[in-house]
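J.: Generate the whole structure from the sequences, applying the supplied hints.
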Amino acid sequence: MSLLILIGLASILFGGFLLLTAFEARAGSRLLEPVRRTLDRHIARLGFIATHIDWSAFIKHVVGTFVERAAHDIAHASLLFVRFVERLLTRTVRSLRERRVGIVATQTESRQRATLRETLQGFRKTLKKVHAPRSRKAKKDTES
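If you're matching positions, the sequence shown starts at 107 in my numbering and goes up one per residue.
Do not take every clue at face value.
[Unchecked claim] Cβ-Cβ distance ranges computed for the label pairs, FRET-style:
#1 G134 / V173: 51 to 59 Å
#2 V188 / V141: 57 to 65 Å
#3 A177 / L222: 57 to 65 Å
#4 L226 / V188: 44 to 52 Å
#5 A116 / E174: 37 to 45 Å
#6 V141 / L185: 47 to 55 Å
#7 T196 / L222: 41 to 49 Å
The hints are simulated quantities; they were obtained by calculation from the structure and are not laboratory data.
Idealized CB from N, CA, C, for every residue including glycine.
T.: This is the structure:
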């Protein structure tokens with residue numbers, strides 16, 4: 107059915123073309139002449155380009171450009187995948203370290219508290235010695 111529709115459409119267009127040329131021959135002028143002249147120029151230019159193009163070089167250029175673009179996209183996708191895996195591994199390692207540090211921290215927490223207390227007590231003693239009121243005799247000796 108679609109084939110009959112296409113044949114009928116082609117026949118109608120061909121009949122319209124024959125009627126148009128008969129009408130133009132009787133009238134002695136072209137119908138829509140400015141538009142048809144510009145259309146003729148464009149078609150002549152396209153015909154010139156089509157006959158003078160090195161099609162093998164053009165196709166080689168297009169295929170090369172396509173391959174370069176595809177390689178770039180594949181490399182970019184690979185990089186994104188590697189970065190995704192890197193982030194995933196970083197998070198995993200961080201959580202494992204935090205678990206390990208949590209276990210070690212509970213074991214060494216008491217030792218750290220004792221060490222901190224000793225350090226603070228030593229610091230307090232040093233401050234008391236430095237800021238202790240000096241005797242008058244010690245002040246006179248340092249002034250002279």
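J.: Does the Cβ pair L226, V188 satisfy 44 to 52 Å?
T.: The hint (44 to 52 Å, Cβ to Cβ) holds, given that L226 and V188 are roughly 48 Å apart.
J.: Do the beta carbons of T196 and L222 sit within 41 to 49 Å of each other?
T.: With Cβ atoms ~32 Å apart, the hint is violated.
J.: Would you say the C-beta atoms of G134 and V173 sit inside 51 to 59 Å of each other?
T.: 57 Å, holds
J.: Range hint 37 to 45 Å: satisfied by the CB atoms of A116 and E174?
T.: Roughly 43 Å apart at Cβ, these two residues keep to the hinted range, so it holds.
J.: Given a hint of 57 to 65 Å, does the C-beta separation of V188 and V141 actually sit inside it?
T.: Given range 57 to 65 Å: holds, Cβ gap about 58 Å.
J.: Given a hinted range of 47 to 55 Å, is it respected by the beta-carbon distance of V141 and L185?
T.: 53 Å, holds
J.: Given the hint of 57 to 65 Å, is the C-beta distance from A177 to L222 inside that range or not?
T.: 59 Å, holds
Checked against the numbered hints above, the structure breaks only hint 7 and satisfies the rest.
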